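Q: For reference, the chains in residue letters:
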Amino acid sequence: MGTYKILLKSIVFSTRSRRRFFTFVIVFSILSGATIILLSYFDNFSREGLLEHRGVIYEASTLGSVTYDDAQGDIDPGTLGAEAVIYYKYVNFGTNLRICSIDTKYKWGFSEIKPNDLVAGNFPSGDRDALVSDQLLLLLLDAQAPVNIYTKPVVGTKFRLGRSDDTEFELRISGIFKKPESPSLIADDTREWIFIPEASFEDLLSSQNLNYDDSSDLIFIHSVSIIASGDVFSGVSYNNVDAIAANLGNLPGYDSPDFKSKTDKDEQRNMMFLSLIFGIFGTFMVSTLYSYLITRFRRREVAVLKAMGYSKMNVRIVVLSEILVVAITGFVIGLLVIQGFLWNPLGRQSSYIYLIIMSPTAFLSFLAVVISCIPGFILITTRILAVRPIEIFRQK
Amino acid sequence: MSNNVLIEAKNLSKEYIRGKKEVVMAVNDVDLQIPKGKLVMVTGPSGSGKSTLLNILSGLDKPSEGKVLYEDENIAEWDEEKLATFRRGNVGFIFQNWELIRIMTALENIESPLYPLKIKSKEIRMRAISLLKQVGLWDKADNYPDELSGGEQQRIGIARALVGKPRIIFADEPTGNLDQDNAASIMRLLKSFTKRDTSVLVVTHNEDLKRYADTTHRMSSGRFV
Numbered sequence: 001m002g003t004y005k006i007l008l009k010s011i012v013f014s015t016r017s018r019r020r021f022f023t024f025v026i027v028f029s030i031l032s033g034a035t036i037i038l039l040s041y042f043d044n045f046s047r048e049g050l051l052e053h054r055g056v057i058y059e060a061s062t063l064g065s066v067t068y069d070d071a072q073g074d075i076d077p078g079t080l081g082a083e084a085v086i087y088y089k090y091v092n093f094g095t096n097l098r099i100c101s102i103d104t105k106y107k108w109g110f111s112e113i114k115p116n117d118l119v120a121g122n123f124p125s126g127d128r129d130a131l132v133s134d135q136l137l138l139l140l141l142d143a144q145a146p147v148n149i150y151t152k153p154v155v156g157t158k159f160r161l162g163r164s165d166d167t168e169f170e171l172r173i174s175g176i177f178k179k180p181e182s183p184s185l186i187a188d189d190t191r192e193w194i195f196i197p198e199a200s201f202e203d204l205l206s207s208q209n210l211n212y213d214d215s216s217d218l219i220f221i222h223s224v225s226i227i228a229s230g231d232v233f234s235g236v237s238y239n240n241v242d243a244i245a246a247n248l249g250n251l252p253g254y255d256s257p258d259f260k261s262k263t264d265k266d267e268q269r270n271m272m273f274l275s276l277i278f279g280i281f282g283t284f285m286v287s288t289l290y291s292y293l294i295t296r297f298r299r300r301e302v303a304v305l306k307a308m309g310y311s312k313m314n315v316r317i318v319v320l321s322e323i324l325v326v327a328i329t330g331f332v333i334g335l336l337v338i339q340g341f342l343w344n345p346l347g348r349q350s351s352y353i354y355l356i357i358m359s360p361t362a363f364l365s366f367l368a369v370v371i372s373c374i375p376g377f378i379l380i381t382t383r384i385l386a387v388r389p390i391e392i393f394r395q396k
Numbered sequence: 001m002s003n004n005v006l007i008e009a010k011n012l013s014k015e016y017i018r019g020k021k022e023v024v025m026a027v028n029d030v031d032l033q034i035p036k037g038k039l040v041m042v043t044g045p046s047g048s049g050k051s052t053l054l055n056i057l058s059g060l061d062k063p064s065e066g067k068v069l070y071e072d073e074n075i076a077e078w079d080e081e082k083l084a085t086f087r088r089g090n091v092g093f094i095f096q097n098w099e100l101i102r103i104m105t106a107l108e109n110i111e112s113p114l115y116p117l118k119i120k121s122k123e124i125r126m127r128a129i130s131l132l133k134q135v136g137l138w139d140k141a142d143n144y145p146d147e148l149s150g151g152e153q154q155r156i157g158i159a160r161a162l163v164g165k166p167r168i169i170f171a172d173e174p175t176g177n178l179d180q181d182n183a184a185s186i187m188r189l190l191k192s193f194t195k196r197d198t199s200v201l202v203v204t205h206n207e208d209l210k211r212y213a214d215t216t217h218r219m220s221s222g223r224f225v
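For the record, the sequence lines run as chains A and B. If you read the first sequence in the numbering used here, its first letter stands for residue 1, the second for the next number, and so on. If you read the second sequence in the numbering used here, its first letter stands for residue 1, the second for the next number, and so on.
Among the hints, a few may not be true.
Okay, derived cross-link-like pairs now, PhoX-like style, lysine-lysine, Cα gap no bigger than 20 Å in a straight line [to be verified]: (1) A:K9 with B:K82; (2) B:K82 with A:K312; (3) A:K179 with A:K107.
Over 10 Å on every C-beta distance to chain A, these chain B residues come out as not near it, computed from the model [stated by the list, open to error]: (4) K10; (5) G136; (6) R211.
The hints are simulated quantities; they were obtained by calculation from the structure and are not laboratory data. Being a predicted model, the structure only gives us computed values, none of them experimental. Glycine residues also receive a C-beta, built at the ideal position from the N, C-alpha and C atoms.
Work the whole structure out from these sequences, hints included.
A: Below is the structure:
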């Protein structure tokens, strides 16, 4: 009870030395912000940069150049030792549409549309979710009316696909993406593309009586993403990426494999590690300096508290709470500022950036800030606990 | 040790090394008894050793020789943590320079000795308010030390010393920085607490304050004279 009370009171009191408090909160927030950004880059390895860093992409050279059957023969997951092989299949649907399957687990795995390209909503997660282009027009009234009425897609809207009235397949718009720029298979296509999860894709095929063997209903491949096993931090995945690309080589019907060479990735990774070390070192330096200043400014106060009977643990809590309050306040401000900068007010919110505040990156950054405070805390407790009230009181 | 005595010093000595070789006896073979509910005063000029004596008796400093008996236990042999516990439950301090904590209000300064204790916040607040009223500074509860006069700060210091209901108050030059009226007022306040069985040890260079004491000792060169 006593300890809890000291902690609460100390948190309040630590904000009362306003100049010292605000100065260090600002410094901590800058350093925390830098640490968050640097760690975001690392996080990026497994998200936006997933394919660049961990994968090899084989994209069909033209639409219709590779069927799904061919792709399965070309790229056999069993022999590659890869973590995942994702076939991005599509089927022509009528004369204006292509339906493409996506993998909801590897949402950064598709070479053309990534969660960053969303202008509204979220990446599909449910079986009946669909991702549509912002240029898609939905027919609102029956085409037999004298004038057709179309509407722009809105997140949450349900619509139906069907080659006849009795085979309608209902989908819900979960997200809207901005169409990629040319050159790209999707951008250069005259048809619109709708992306749905793999399971839905299979359901759609069976509901529409599409079959793989019928030449008019052939299932084609937009691309195949091969995710190498191993983690990027140790660099194991880099070797595996190179090995997969070397193993497969160039394949007929596809462009040359797209991947980043190990040398480029190593260089980039090393720079990021270096920056991260500087970020953490900076936070460590500031927290240590702050701790040192506390030992100077609060020596007399600590002497009074000890004279009044505060135990070593009580005194530790008093000073620790000040460091933590400053570090956490600085971190939260840094996080909010970063979030504010990354938020595009024009509406092109990125689902990756949008969630940085709740992401493992934020947690890791917080951990880095707390860890960097430990040496400072050890310094402060060693110096503060060594304070003998009698010596301090003798100093006028 | 008599039942009526709260703290007793026996053959207490404290020596310092000044410079490289010079040994200074700040306290030299002093015997002292502080009875329960009495105001004991030690007077003497600056450098006579009276503050050192107070610091040893309160457990802030260790003697070179001798004993400080509190309920038949020699507190001079206790470690820092045990002494902290002893001070927390039994001792109130009044410092010459008041030593109020600048980031706490007057009310919070008074409450501060009770924060480590298992006492409910409401009870702490009530005790502090009661003392604030007793020292006549209820209207200054939310003021910070920098916003108070010297006399007011010393009153807050006294209230802080009393809030833990100590068995003894150690006051080092409690009127040192105050004018005559304020000094008399502070001494009357201290004297009033002896009626509640609280012992008070005052060390001061001001011989005029003797009239408030039940027992007075004069100190010179580390000895009672």
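Q: None of the hints should be skipped; say for each whether it holds.
A: Now for the hints, and whether the structure bears them out:
1. A:K9 with B:K82: 24 Å, violated
2. B:K82 with A:K312: 11 Å, holds
3. A:K179 with A:K107: Holds. K179 of chain A to K107 of chain A sits at ~17 Å (cutoff 20 Å).
4. K10: Given a closest Cβ separation of 21 Å, the condition holds.
5. G136: Fine: 23 Å to the nearest Cβ keeps G136 of chain B off the interface.
6. R211: 28 Å, holds
Consistency note: the structure conflicts with earlier hint 1 alone.
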